[in-house]
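S.K.: Protein chains in written order, with our numbering: chain A, 1 to 229; chain B, 1001 to 1226.
These are calculated hints, taken from the structure and not from any lab test. Glycine is no exception: its CB is placed at the ideal position from the N, C-alpha and C atoms. Careful, some of the hints might be misleading.
Only part of the chain A face toward chain B is listed, based on derived beta-carbon distances under 8 Å [to be verified]:
1) L66
2) N70
3) L121
4) I122
5) G125
6) E138
7) V145
8) F152
9) F156
10) A160
To be clear about the criterion: a stretch of chain B counts as covered by chain A if any three or more of its residues have a C-beta under 8 Å from a C-beta of chain A, and this derived list gives those stretches [claimed, not checked]:
11) 1093–1106
12) 1208–1219
For each label pair, taking beta carbons as the anchor points, the in silico distance ranges come out as [said to hold, decoys possible]:
13) B/E1023 - A/M128: 54 to 62 Å
14) B/K1022 - A/M128: 28 to 36 Å
15) A/W107 - B/L1131: 37 to 45 Å
16) B/A1207 - A/D135: 30 to 38 Å
17) A/L5 - B/L1164: 38 to 46 Å
18) B/L1164 - A/L56: 24 to 32 Å
19) B/V1225 - A/Y22: 37 to 45 Å
20) B/V1034 - A/D135: 30 to 38 Å
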Amino acid sequence: MRDKLIYGAGIFAALYFVRNLYVILLQLPDEAMQGAVYRIFFFHLPPYFTAVACFLGAAIASGLYLKTKNWKYDVFAVSATEVGLALAAINLVTGMIWGRQQWGIWWTWDARLTSALITWLIYLGYLMLREGIKDPSERAKNSAVLSIFAFFAVYFTYKANEWYRTQHPGPVLTIRTGKNTIDPAMQAMLFHNLGAFLLLAVVLVAVRMNLENSQRAVESLRRRAHAIA
Amino acid sequence: MTYFNQVFAIAGKDLRSELRTKEALNASLSFAVVILLLFSFVVDPDSEMLEQMSGGLLWMVFAFSGVLILNRGFARELPNDCLDALIASPIPGSALFFGKAIANFALIAIIEAICFPVFGILYNLTWTAQLPVLVAVSALATWAMATLGTMFGALTVNMQLRELMLPMLIYPMLIPALMSAMQLTTLLVAGQAIDSEHIVWLRVLIAFDIIFTSLAAVLVETVLVG
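Next comes chain A alone, as it looks inside the complex (with noise of 0.2 Å):
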């Protein structure tokens, strides 16, 4: 029944993300200053903010681990960081595509691009730190901690990044400027796009949970095997 249940949202996640793009590519004019080429932002910022929403929900269930010790906060940690670095990359992929079109080139050290990148950074030493363990409650323990000063450090340096230079056009939801600085059409597809990116990423974390439970069940097996050899 959870594994239907999980396929059914995956197949509804695909049939949303069909629809978005048939209304980005052929419904939604072009952009009075970009040209076509600002439709990439709908895979930009959406993937975003499902990033940061994983990496919270990561660093929330960290807490509740260290607090209860229960094993399902740890799975779930670890698969929500996995989704929230594939959603980080996606972010900074589809940037760069994007700045190479407007900018001319690939890559800047402006503030938001190297807070995105530092962010991708900590939450890969997070999986490498896991990597590197071979006693699972030492290895939840750990991660947890790593994950609650990872998520105060990305907090952090987005913040002291803000200060120090940007380049990266400013925020345009409305609920971020409070003007009308977006074309309605526009800024309803950001929030699709982003309903989208969300229930993609509940089933992508429900899947890699799935998988961890099986990994840590043949592990658990494995050792029993090997006690009775």
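Dock chain B against the given chain A, drawing on the hints supplied.
M.R.: Just chain B, lined up with the frame of chain A:
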């Protein structure tokens, strides 16, 4: 024994054992001098560019050589199961953490105290015009390195790739502190006071220290004891 006595007992023990063997200190110091030398090939040593890069250059040296010291912090306790004995001793985890962080801080400060004059001599710079402020800024940034380094030293102490994992984990997290230290050091080495435009970096540095020191103090017990 009060909390402060416990902290200073740990710090004193660490400093004593390090100053007797000098294994991390010697390695770190010679490494720092080698990097200082290498930088003369990166940028023309006589140019004005050097003055604009001085803060970045110095903090790269301190970050690289500091990790050698931070790596030894907890690894020193591994032989003879000293770490287990320390954890079993009747002191709270945070006292152990602060003791080790203070020892690390002092050792990195020694490296810095030697590197600043060497840097001044090798690159013909007068760097003492704003000495008291420079010392304060260096202390803040060094504490940031010491506290994060000690915390992550505790996290990675049982790993095989410990020496590689520690820099991989702490450099990205340290960026706000290092960035502020670089900006301010460049300014101060050039003999200028911290103006209203640069005061924000001092705030970043102080906020970084407060946030991560308290976070580490809260979480270190979990890491050490479980």
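S.K.: For every hint, state whether the structure bears it out.
M.R.: Checked hints:
1. L66: Hint on A/L66: holds, closest Cβ of chain B at ~6 Å, below 8 Å.
2. N70: violated, 15 Å
3. L121: Holds, about 4 Å.
4. I122: OK, holds: A/I122 within 8 Å of chain B, min 5 Å.
5. G125: Constraint on A/G125 satisfied, holds at 5 Å.
6. E138: holds, 7 Å
7. V145: With a closest approach of 5 Å, the A/V145 hint holds.
8. F152: The hint holds - A/F152 has a Cβ within 8 Å of chain B, the shortest such distance being about 6 Å.
9. F156: Check passed: Cβ of A/F156 comes within 5 Å of chain B, closer than 8 Å.
10. A160: holds, 4 Å
11. 1093–1106: violated (count 0)
12. 1208–1219: holds (count 5)
13. B/E1023 - A/M128: 54 to 62 Å: Given a distance of about 27 Å, which is not inside 54 to 62 Å, the answer is violated.
14. B/K1022 - A/M128: 28 to 36 Å: holds, 31 Å
15. A/W107 - B/L1131: 37 to 45 Å: At roughly 38 Å between Cβ atoms, B/L1131 and A/W107 fall inside 37 to 45 Å, so the hint holds.
16. B/A1207 - A/D135: 30 to 38 Å: holds, 35 Å
17. A/L5 - B/L1164: 38 to 46 Å: Roughly 42 Å apart at Cβ, these two residues keep to the hinted range, so it holds.
18. B/L1164 - A/L56: 24 to 32 Å: Taking Cβ atoms as reference, B/L1164 and A/L56 lie about 28 Å apart, which means the hint holds.
19. B/V1225 - A/Y22: 37 to 45 Å: violated, 56 Å
20. B/V1034 - A/D135: 30 to 38 Å: At roughly 37 Å between Cβ atoms, A/D135 and B/V1034 fall inside 30 to 38 Å, so the hint holds.
When each numbered hint is compared with the structure, violations occur for hints 2, 11, 13, 19.
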